[in-house]
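Undergrad: The chain contents come next:
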Amino acid sequence: MASISIPVPWRARAKSGLLGWLATVDHKKIGLMYMVMAFSFFIGSGILGLLIRVQLAAPNQTFLDPQTYNQVFTMHGTGMIFLFTIPMVVGGFGNYFLPLMIGARDVAFPRLNAFSFWITLGGGLVMAMAFVLGARSDASWIAYVPYSNKQYSPTLGMDIWLIGLILTGVGSTLGAVNFLVTVYTMRAPGMTTWRIPMFVWAMVTTAAMVLLATPVLTAALLMLVADRNFSTQFFTANNARLWQHMFWFYSHPAVYIMILPVMGIVSEILPVFSRKPLFGAKAVVISTILIGILGFTTWVHHMFVSGVDPVIERFFMFTTMVIAVPTGVKVFNWLATMWGGSIDLKTPMLMAIGFLAMFVIGGLSGVIQALVPVNQYVHNSYWVVAHFHYVLFGGAVFGIFAGLYYWVPKMLGRMFDERLGKLHFVLMFIGFNLTFFPMHILGLMGMPRRIATYMAGRGWETGNLIATIGAFIIALSLLVFFVNVIKLRHAPKAGNDPWEGNTLEWTIPSPPPEYNFRHIPVVESDRPAYDERMRALPH
Amino acid sequence: MSMLPPVTEDARLIKALYDLVFWLAVGVFVLVEGLLIYSVIRFRRRRADELPLQVHGNRTLELIWTIVPSVLIAIVFGLAVDTMTRMTARGTLANPVAHVHAIGDQQARRRVEAAQPVDMVIEVIGRQWVWQYRYPGGDVITTEELVVPANKNIRLDMTAADVIHAWWMPQLGPMIYVNPGEMSYVWFNVPPGEYVGQCNVYCGVAHANMIARVRALPQAEFDEWFAQQSAAASVAVEPGDPERGRNYFMNSACVACHYIEGTKAQGKVAPRDLTRFATYPTIAQVDGLENNAENLRRWLKDPQSLKPGTAMPNLNLKAQDVEDLVAYLLTLR
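For the record, the sequence lines run as chains A and B. Residue 627, in our numbering, is where the first sequence stops; the numbers in between run on with no holes. Residue 338, in our numbering, is where the second sequence stops; the numbers in between run on with no holes.
These aren't lab readings, by the way, just hints derived from the structure by calculation. Among the hints, a few may not be true.
Computed footprint of chain A on chain B, listed as stretches where at least three residues anywhere in the stretch have a Cβ under 8 Å from a Cβ of chain A [claimed, not checked]:
no., segment
1, 32-46
2, 52-61
3, 147-161
4, 206-213
Listed next, the in silico DMTMM-like pairs over lysine to aspartate or glutamate satisfying Cα-Cα at most 20 Å (straight line) [to be verified]:
no., chain 1, residue 1, chain 2, residue 2
5, B, Lys-157, B, Glu-226
6, B, Lys-273, B, Glu-295
7, B, Lys-269, A, Glu-602
8, B, Lys-157, B, Asp-246
9, B, Lys-323, B, Glu-266
10, B, Lys-157, B, Glu-118
11, B, Lys-323, B, Asp-144
12, A, Lys-238, B, Asp-167
13, A, Lys-370, B, Glu-295
Where is the CB? At the ideal position from N, CA and C, for every residue including glycine.
Build out the structure end to end from the sequences listed, making use of the hints.
TA: Written out as structure tokens, the structure is:
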């Protein structure tokens, strides 16, 4: 590969030890710290999910009292969304791989990057410590007013929850600025628009969404803090819908903030393990951007039963359904990428296929529940719980594990054990479907979400019991993953390019040196690492 | 994967739309998962060094899978709008803007009155954590269940006393939020039977206990029931019965907050457990509020007036239930 020489800057000389981590401005170390943080919150929030499933395994249980149960599901949702998925995919994968994939030595503002991480961690720790010490919100992650007002939620836990979210929101917003500037200004020579890797396209779209959406949530949270503590009246009882609008103006795009980067990861993995280029790459990029734009036009579908003008309902039903088109384009392009390929079912590929298979179910149930009349039945029911777990677990979590199995060899320089990886996949796939598929049926049978218990005789017993068993199978699959992580210490070395990758990170050592690229590479196609491999072949 | 059997025309319309779109979705699901599974089997790597044809795309194929789904989406959108239009034409809930309005909005109120002729209007108040039903005339108020005459047009005029609640009776038609400061309406006409649903917006500690029951009786039986209730409302209550009080306690929202050892009541919101309630000198640790039957009656009827800011809401208990609860609570030693 052609390259140009730029001297490695002085600050690239790394400090070692604890200080090396605390004081680092290296995007790779920051990315790893994001991942460790996010994964810890994944475990914590996952344990809360298990508590929920134990409580609901049978009717009329008193394993958790209702108050505790409500706090537990509030923190489960908050933790999974704000402290696990978003920091994992944006802060973790984004930080580590976005600069590597565009051939840069770091992000545009490394110090700002470190600040983003520490403030996100701060927000997370504030919420988590308050939860452990007993100052807990029980207002659910959507925190609807007037329930979240001082009158009905007088506890300190509610204020701490709001402040924690404001801090993590600031972290995300600053991180988004950083990514946009980095991709705009720091791409390697030759990386023209259509040569930008899919994951980077996904991150750019995501960063733009974060930048436009997160400040609205932050504003709403601040307004609620003021209502609760300084006697303002932004969200009085007659203005409760304002909160719903502001909250969902962020929180619907948040779904795409969580899923687009994962789609980017999958768009990288499927071609590599099929030994083919991504089918219709331009269409995939355009779909990504369209999803990003349309993602801002659908938030009112969360409010179809709260009293909205029917003309507006039709508009938002339409925009919500339209998103299925670019999403469908992606799905078919992924399938066409695999079609006629040479498919190698290594663990990253299995996880990516799992993503594809499960995400489709979430997408289809999303279209069904977007229909206003159907929504007037399934809104807030367990059907919805099933739907978004198919998107965010079947989709995002499978995609995150695909990314981890794919990139941990690059980050840590060691290969995962394939047999344990496959066992992890199979257990998680079975456990996931046992847990969340019955929830569709429970919702249709009338089971509302966010209930601490239910009475016998409404036909909900079997579905709930199966879901609880499934949840423990998921937990078991994660134990298998941890064993695999522990075994990494003595695992075989990965080398530069264990998978025959396409993108620039596979042209440098694993783990990459502090400065990433000894020479800044010059890019000649959308698959620079593939080009390099082809050139090395004997003619 | 089916909705509960509908008993109203609105619920039937919803279910018909759902069923149709569900099977369409199943079709797409089978297609995608079929292609996926076929690819994984058919195109498995056989030799380590095989290099498949490097196809970058195909405009025709890509146009097909952009246009066909678009058409499909347009059709489904049309079906949904058609269902909405039919529900609106019936004057029912698919037109929420007319049917959710600020309490003082007289114009919207007139639209609601004109929407559909009704045989009976019942006022419903959602509050943490009961549904309260007030019948015409105002004498009859129930909380455990809503008893209505069968095969009559019923309208519920609903509002919330505190936070947002939602009225969801899956078999009876669309769900609607019940917001404080606003009116929400549902219309239904149901055959005789018992139907169950519950509050569907998280509303606090006993949200799970906010059950709604509708019992539809033939007109003659309903009249009899209504006469009984009217009479009961005007006669003096009978002395409290601890057993009835215990039943009421264990099957209502009380158990979400209160703790009584060895029972279903495992709530931890109330600061003191009630296991030996009768031995406590005061009620709710309020100075001077001696623990006796008279004060307990006052407390149960309106806790906020005796201890402003207490977590215990006014549950609008009926006089007889208060008597029974007092009798029960004073047996706890």
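Undergrad: All hints, please: hold or fail.
TA: Quick rundown of the hints versus the structure:
no., hint, in the structure
1, 32-46, "holds (count 8)"
2, 52-61, "holds (count 7)"
3, 147-161, "violated (count 0)"
4, 206-213, "holds (count 8)"
5, B:Lys-157 to B:Glu-226, "holds, 13 Å"
6, B:Lys-273 to B:Glu-295, "violated, 23 Å"
7, B:Lys-269 to A:Glu-602, "violated, 60 Å"
8, B:Lys-157 to B:Asp-246, "violated, 36 Å"
9, B:Lys-323 to B:Glu-266, "violated, 26 Å"
10, B:Lys-157 to B:Glu-118, "holds, 16 Å"
11, B:Lys-323 to B:Asp-144, "holds, 12 Å"
12, A:Lys-238 to B:Asp-167, "holds, 12 Å"
13, A:Lys-370 to B:Glu-295, "violated, 78 Å"
Taken one by one, the earlier hints fail for this structure at numbers 3, 6, 7, 8, 9 and 13, listed in ascending order.
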